[in-house]
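Enquirer: Residue numbers (the working numbering), protein chains in the order written: chain A, 3 to 295; chain B, 1229 to 1270.
Quick caveat, the hints were computed from the structure, so don't treat them as lab data. Hints are not guaranteed to be accurate.
[Stated by the list, open to error] Calculated lysine to aspartate or glutamate pairs in the EDC-like style (CA-CA distance at most 20 Å, straight line):
| id | chain 1 | residue 1 | chain 2 | residue 2 |
| --- | --- | --- | --- | --- |
| 1 | B | 1261 | A | 116 |
| 2 | B | 1234 | A | 207 |
| 3 | A | 158 | A | 116 |
| 4 | B | 1244 | A | 111 |
| 5 | B | 1269 | A | 277 |
| 6 | A | 108 | B | 1245 |
| 7 | A | 12 | B | 1245 |
| 8 | B | 1269 | A | 178 |
| 9 | A | 41 | A | 199 |
| 10 | A | 278 | A | 178 |
| 11 | A | 186 | B | 1245 |
| 12 | A | 181 | A | 137 |
| 13 | B | 1266 | A | 116 |
| 14 | A | 158 | A | 178 |
| 15 | A | 181 | B | 1263 |
| 16 | B | 1266 | A | 199 |
| 17 | B | 1244 | A | 116 |
| 18 | A | 181 | B | 1242 |
| 19 | A | 108 | B | 1263 |
| 20 | A | 132 | A | 207 |
| 21 | B | 1244 | B | 1259 |
| 22 | A | 181 | B | 1259 |
| 23 | A | 108 | B | 1262 |
| 24 | A | 47 | A | 271 |
| 25 | A | 186 | B | 1242 |
| 26 | A | 270 | A | 144 |
| 27 | A | 179 | B | 1263 |
| 28 | B | 1244 | A | 109 |
| 29 | B | 1261 | A | 109 |
| 30 | A | 132 | A | 199 |
[Unchecked claim] Stretches of chain A that chain B covers, calculated by requiring three or more beta carbons in the stretch to come under 8 Å of a beta carbon on chain B:
| id | region |
| --- | --- |
| 31 | 6 to 14 |
| 32 | 130 to 143 |
For each residue, glycine too, the CB sits at the ideal point set by N, CA and C.
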Amino acid sequence: MDSLIAGAKKEPEFTFIAGAQTFGGQKTLSLLESAFNKKFGLNGKIRFSAGPEMNAMAARVITELKMRRQSVERYLSRLAIAFRFVAQREGAGHGELLGIFPWITKDMEIFPSEGLLIFTSLRGIIYNSKLIPKDRAPKTYEDLVDPKLSPAWAGKMAIPPYVSWLVELSMIWSEDKVKNFTRKLVALSGGRLRYSEEERVVSGEFPIAANMGGATGANVAVASQRARRCVAVMGSTPVLPSYFQLGVPKNTAHPNLSKLFVGFMASKEAQAILEKMIFALRTWSKGRSWRNI
Amino acid sequence: MAKYLKQNKVQLQEAKDSIAFYLQGEDSGLEFKEELTKMLKQ
């Protein structure tokens, strides 16, 4: 780790690309930057840049690697699926971290040396409890299209513009059931909401969102600020979570700082910030891994 | 979060299963994805 720190001191800044609110936005990044510098005695600057959606980002990294261009991204922070896609095809990853950082354990890597699991985000339904009473609220995704319950949000329900959560539902439902559900869902929808736009449910613009990334985080964080107007419901069993990993493109301009930062993000200090700011599932928990929680 | 999962007995889809499913379906599941995409655009 000493050689990484020594190398990182010669790399004064790096760009961190992620979704606008994936890591809690600029405020969280500032806290992470301070804690990172404090932990390793650095004075590095994190330049945060909101990136495109995960598949576009994966394609961009692959293109840069193929063209042997130096990557403008120092990190690839995306869902496990896109991450695996890049790692399998072009060899992006974080290299060997086990043994360098004492707090990193094997079960923090879904696939060894490809990406380090930083947090797990639960997806689910969120609704405004002032507009939909609890006894009329959905308890599962199926309830969203239930003719007895759905009149309360017909024509007003927000649905995500993404298809991936529906595709993933076919892990637990048949494809026909997913298609049937989607048809009904679209017919009842009143607009599209991206993940992290839960404020528009809190404000009452939409009474309900059919699926929201980080739903439990949204529930706690937003509800505590807004008189508990926003309630989250896990729509399926098992819950289909988003596994967020960090890694470093092989063509990064700042390999030492990058690797150090990836390792840092799994540390107690970084995980405490993420838990506080975005209610993420910690990858460490007093010796228990996220798998055993 | 760990407390939340424990208290609510929330079961999570395993990461490896989830990723394997997605990658397997990358070619064979294209038609299904396209169909869903079309439905969402309506």
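Enquirer: All hints, please: hold or fail.
Expert: Okay, the hints, checked on the actual structure:
no., hint, verdict
1, B:1261 / A:116, "violated, 26 Å"
2, B:1234 / A:207, "violated, 33 Å"
3, A:158 / A:116, "violated, 41 Å"
4, B:1244 / A:111, "holds, 10 Å"
5, B:1269 / A:277, "violated, 35 Å"
6, A:108 / B:1245, "holds, 17 Å"
7, A:12 / B:1245, "violated, 40 Å"
8, B:1269 / A:178, "holds, 19 Å"
9, A:41 / A:199, "violated, 33 Å"
10, A:278 / A:178, "violated, 40 Å"
11, A:186 / B:1245, "violated, 28 Å"
12, A:181 / A:137, "violated, 27 Å"
13, B:1266 / A:116, "violated, 33 Å"
14, A:158 / A:178, "violated, 25 Å"
15, A:181 / B:1263, "holds, 8 Å"
16, B:1266 / A:199, "violated, 23 Å"
17, B:1244 / A:116, "holds, 13 Å"
18, A:181 / B:1242, "violated, 24 Å"
19, A:108 / B:1263, "violated, 39 Å"
20, A:132 / A:207, "holds, 12 Å"
21, B:1244 / B:1259, "violated, 23 Å"
22, A:181 / B:1259, "holds, 12 Å"
23, A:108 / B:1262, "violated, 37 Å"
24, A:47 / A:271, "holds, 18 Å"
25, A:186 / B:1242, "violated, 28 Å"
26, A:270 / A:144, "violated, 38 Å"
27, A:179 / B:1263, "holds, 13 Å"
28, B:1244 / A:109, "holds, 11 Å"
29, B:1261 / A:109, "violated, 31 Å"
30, A:132 / A:199, "holds, 18 Å"
31, 6 to 14, "violated (count 0)"
32, 130 to 143, "violated (count 0)"
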